[in-house]
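Each chain, written out:
Protein chains: 6
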Amino acid sequence: MPVVIVEMWEGRTTEQKAKLIKSITKAFSEIGVDAQHVSIIIHDIQQANWGMSGKQASKLTR
Amino acid sequence: MPVVIVEMWEGRTTEQKAKLIKSITKAFSEIGVDAQHVSIIIHDIQQANWGMSGKQASKLTR
Amino acid sequence: MPVVIVEMWEGRTTEQKAKLIKSITKAFSEIGVDAQHVSIIIHDIQQANWGMSGKQASKLTR
Amino acid sequence: MPVVIVEMWEGRTTEQKAKLIKSITKAFSEIGVDAQHVSIIIHDIQQANWGMSGKQASKLTR
Amino acid sequence: MPVVIVEMWEGRTTEQKAKLIKSITKAFSEIGVDAQHVSIIIHDIQQANWGMSGKQASKLTR
Amino acid sequence: MPVVIVEMWEGRTTEQKAKLIKSITKAFSEIGVDAQHVSIIIHDIQQANWGMSGKQASKLTR
Chain A
1 MPVVIVEMWE GRTTEQKAKL IKSITKAFSE IGVDAQHVSI IIHDIQQANW
51 GMSGKQASKL TR
Chain B
101 MPVVIVEMWE GRTTEQKAKL IKSITKAFSE IGVDAQHVSI IIHDIQQANW
151 GMSGKQASKL TR
Chain C
201 MPVVIVEMWE GRTTEQKAKL IKSITKAFSE IGVDAQHVSI IIHDIQQANW
251 GMSGKQASKL TR
Chain D
301 MPVVIVEMWE GRTTEQKAKL IKSITKAFSE IGVDAQHVSI IIHDIQQANW
351 GMSGKQASKL TR
Chain E
401 MPVVIVEMWE GRTTEQKAKL IKSITKAFSE IGVDAQHVSI IIHDIQQANW
451 GMSGKQASKL TR
Chain F
501 MPVVIVEMWE GRTTEQKAKL IKSITKAFSE IGVDAQHVSI IIHDIQQANW
551 GMSGKQASKL TR
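Protein sequences, first through last, are from chains A, B, C, D, E and F.
Each residue of the first sequence is one higher than the one before, counting from 1 in the working numbering.
Each residue of the second sequence is one higher than the one before, counting from 101 in the working numbering.
Each residue of the third sequence is one higher than the one before, counting from 201 in the working numbering.
Each residue of the fourth sequence is one higher than the one before, counting from 301 in the working numbering.
Each residue of the fifth sequence is one higher than the one before, counting from 401 in the working numbering.
Each residue of the sixth sequence is one higher than the one before, counting from 501 in the working numbering.
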């Protein structure tokens, strides 16, 4: 029955999201939760909406 | 003072959202919460961002 | 498939929560969502952890 | 290590978001949390997706 | 930088949580996210606070 | 109307929470939001429920 909410930067491909959903679901299977009871919701966040170290991620030099 | 966050698939009409907001607020009134203290926030989620049974909802056969 | 997260002050009875869950689920049925696809998660929040008008709810005169 | 999720109406400028991120991070510094451990995530919500007093914010007279 | 929020029934052991954290982090590594950038937050929810099919999970016959 | 959800380790005093609520509310005032429209909800998370770098925060050497 778990619900997983993922907050991450936008820009991931559909394939990466598919892979992530598959692996997170498997993570729950490993502790005994049936795959059909796992819901995963991904929030794509633009970097101007993400703050780190007091600044927008869109403005950090990386 | 309750805050309600709704995660659901995108695609609902404005009328459906209006109806949902009205009914959820009423659900709180029935247990004694004044309507003006209820905030409801709807997150429209695309099906590629929603995982069920280890797969993206956009790829499930229904 | 909707997931509803409710943030509210602790102190509601089990009966009030049962009623709330029933009514919120019905709110979704009214816009065509099958009851068995609605998950509702209630977070009981103590008033010292709830800020309103810049103050803890536990310290507001009501 | 705190994570802060902000739900607010869409329409804020990048400058307002930058200012908000800076000030919220400072709020944590004041209670002893190092700025680099604070993550802030802003969800821009359209007013049709925000319910207040049982109505969509987009339909309220203000 | 992803933040993962897990809503699940209370009752999991520390070992199960450790395993879950390890596996979910690995799920992100597989799509190129460095493990030290993944934060996972688990909310333990009592079954009286979890609604399914219009009823509290604590009252469902399983 | 903003709603702010703070996920942080349990253990902060009531005074620290009061200060945090005051300062975060002020952060919104600075961008033109009236203090009485800001709601802040703090989730106290035990370190065994917080994952960082693939491990429970309760098990990290600091």
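The hints are simulated quantities; they were obtained by calculation from the structure and are not laboratory data.
Quick caveat, the model's predicted, so the values are computed rather than measured.
Even for Gly, the Cβ is constructed at its ideal location relative to N, Cα and C.
Take the hints with a grain of salt, since some may be wrong.
[What the hints assert, rightly or not] Far from chain B, by Cβ distances over 10 Å, these chain A residues were calculated:
id, residue
1, V4
2, K22
3, I31
4, Q47
5, S53
6, L60
[Unchecked claim] Straight-line alpha carbon distances no greater than 30 Å define the calculated BS3-like cross-link-like pairs of lysine-lysine that follow:
id, chain 1, residue 1, chain 2, residue 2
7, F, K526, F, K559
8, C, K226, C, K255
9, B, K155, A, K22
10, A, K55, D, K319
11, D, K355, F, K555
12, B, K155, F, K555
13, E, K419, F, K559
[To be verified] Derived list of chain C stretches under chain B, where covered just means 3 residues or more per stretch with a C-beta under 8 Å from a C-beta of chain B:
id, region
14, 214-226
15, 255-261
* Would you check the hint for K355/D and K555/F, treating anything up to 30 Å between C-alpha atoms as holding? => Violated: K355/D and K555/F sit about 44 Å apart, past 30 Å.
* In terms of Cβ atoms, is chain B entirely out of 10 Å range of I31/A? -> The claim holds: I31/A sits with its nearest Cβ about 15 Å from chain B, beyond 10 Å.
* Minimum Cβ-Cβ distance from K22/A to chain B exceeds 10 Å -> violated, 5 Å
* Asked: Within a Cα-Cα threshold of 30 Å, do K155/B and K22/A meet the stated pairing?
  -> holds, 6 Å
* Given hint K255/C paired with K226/C - CA-CA distance at most 30 Å -> Distance of about 35 Å is beyond 30 Å: violated.
* Least C-beta distance between V4/A and chain B, which was stated to exceed 10 Å -> violated, 8 Å
* Quickly compare the C-alpha distance for K155/B and K555/F to 30 Å and report which way the hint goes. => With Cα atoms ~26 Å apart, K155/B and K555/F stay inside 30 Å; holds.
* Asked: Given the hint that K55/A pairs with K319/D, does the C-alpha gap stay at or below 30 Å?
  -> holds, 9 Å
* Hey, does Q47/A actually stay past 10 Å from chain B on C-beta? -> holds, 17 Å
* Asked: Three or more residues of the region 255-261 of chain C near chain B by CB distance under 8 Å?
  -> Since 1 is below three, the answer is violated.
* Asked: Under the criterion that the straight-line Cα-Cα distance not exceed 30 Å, is the pair K526/F, K559/F satisfied?
  -> violated, 35 Å
* 10 Å Cβ clearance of L60/A from chain B -> With a cut-off of 10 Å, L60/A remains clear of chain B, as the shortest Cβ separation is near 25 Å.
In summary, the structure is inconsistent with hints 1, 2, 7, 8, 11 and 15 from the numbered list given earlier, while agreeing with the others.
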